[in-house]
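Using the sequences and the accompanying hints, generate a full structural model.
Counting from 1, position 70 in the sequence shown corresponds to residue 70 in UniProt numbering; the numbering is continuous, with no gaps.
Calculated directly from the structure, the hints in this document are not laboratory data.
Even for Gly, the Cβ is constructed at its ideal location relative to N, Cα and C.
Careful: at least some of the hints might be erroneous.
[Unchecked claim] Straight-line distance between alpha carbons at most 20 Å, and here's what the computed EDC-like set of lysine to aspartate or glutamate pairs gives:
(1) K208 - E222
(2) K190 - D84
(3) K314 - E331
(4) K13 - D51
(5) K99 - E172
(6) K152 - D141
(7) K208 - E386
(8) K28 - E9
(9) K214 - D392
(10) K210 - D379
(11) K144 - E385
(12) K144 - E383
(13) K401 - E222
[What the hints assert, rightly or not] Each pair of labels, with its calculated beta carbon distance range:
(14) D262 - G358: 34 to 40 Å
(15) R136 - K208: 43 to 49 Å
(16) E4 - K210: 39 to 45 Å
(17) N22 - E172: 28 to 34 Å
(18) Q27 - R389: 53 to 59 Å
(19) V238 - D405: 20 to 26 Å
(20) D237 - K208: 28 to 34 Å
(21) N265 - E82: 29 to 35 Å
(22) P211 - G358: 20 to 26 Å
(23) D56 - A133: 24 to 30 Å
(24) R122 - P211: 52 to 58 Å
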Amino acid sequence: MLPEWLTEEYIQKALQRFHKDNQLRVQKVWAKPATEKGENFVGVMTRIYVDFVQGDGAELKKSYILKQAVPSDAPQANIFAEYDVYNRELEMYDIVLPKMAKILQEAGFNENLMAEAIVVDRERTIMILEDLAPLRYTNADRVKQLDMVHTKLVLDMLAKFHAAAIVLNQREPHLLSRNYASHFFSRGKKGYGEVFVGLFRAFIRYVKTKPSLKNRYADKLEHILTNLMDYAARSVDVGEKDLQTLVHGDCWTTNVMYLYDDEGNPTTVLPIDFQFSTVTSPVVDLHYFFSTSLKIDVKAKELELVQYHYYALKKTLEALSYKGIFPSLFEYQLQFERRRFLSVIIANVFQPIMVYTGSEDCEFINLYQDTPGGIKFQDSMYENEEIQRRIDTILPVLDAKGLLDAH
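Here it is, written out as structure tokens:
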């Protein structure tokens with residue numbers, strides 16, 4: 001279960017460093033998988049259980065999450081290597097997130113931005129993080145999706161994340177200029193191009209099964225397919241007048257964890273998984289989050305949600321004594337609208353995977369390849385009636401905005 005190098009001695013030294021206690025002694029270590037098959041394509045997650053005694057004699061039983069790269073023979077291994085997702089996340093936990101947390105603490109914001117990192121081992125490309133489950137953090141239901149209360153907590157968290165990164169970039173501009181330029185739609189990279197084109201083909205295949213959709217949209221969608229990654233890349237580009245910051249990059253229901261009060265109301269939210277953190281416009285996070293994670297009635301209030309995030313971001317930057325250009329709300333809404341094409345992709349090809357409850361084999365390769373198993377899985381994604389309703393709703397809107405025409 002555990003890698004050969006992950007011995008009791010390795011964990012003991014790590015815990016001694018973390019707790020600043022050279023007398024700490026590990027007594028027992030065991031493990032089990034932390035995620036089910038299909039829940040995490042990017043890495044291998046293992047829950048490690050450790051019994052140890054501190055120098056003062058206190059006996060503790062704790063669990064931790066070991067994050068490793070997927071095996072080198074996994075079909076997606078080359079894609080993630082091309083986008084350098086593992087080294088990026090290691091640096092996020094080791095350097096960037098602690099600096100962002102410190103900036104927020106200086107202004108009296110003491111909410112956590114991340115789980116504590118017990119070990120960041122760049123040589124082995126692994127991390128050992130505190131386990132959030134015993135702290136009563138849990139994911140909301142990815143299939144039911146988020147109501148307004150859950151949504152606004154995430155927007156408040158993103159405002160602090162974005163604001164701290166804006167200030168960090170002012171203080172240390174070299175830090176975020178190194179590893180944070182690549183994203184799903186990066187020009188010059190191929191891996192995710194193959195994935196998104198395959199997913200989009202499956203979406204067109206579904207549209208062609210519905211005569212009312214086929215007649216109006218099939219030809220336009222076929223044209224988009226030939227320009228898909230270029231249109232998407234333009235949506236992540238930032239101009240001189242655009243607000244720029246480090247974004248989470250993969251902010252959806254499963255990558256945020258909530259703390260609830262005794263009545264079941266969410267009180268706190270914590271982001272996880274920073275492999276795709278990128279320097280771009282903060283509204284990229286908003287499009288991704290809105291298109292993957294919100295209930296229909298909440299997503300219908302998108303305009304108000306952008307406004308909510310805008311004022312939360314502005315208020316946080318003021319508390320951080322930010323000195324720099326900040327857009328008007330009107331300009332910010334325009335920056336959001338100019339990236340509307342992201343919802344063409346994310347809402348129509350990503351969300352069906354994210355709310356999938358079918359029984360077909362959800363191996364990574366089946367998401368996008370036109371093998372018999374792949375086509376079977378892809379077609380089954382669009383059997384979801386909720387997804388069908390959303391497509392019926394969103395395609396006329398995207399068409400009316402001109403996003404299905406050549407541009």
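Starting from the hint list further up, note which numbers the structure goes against and sort them upward.
16 and 21
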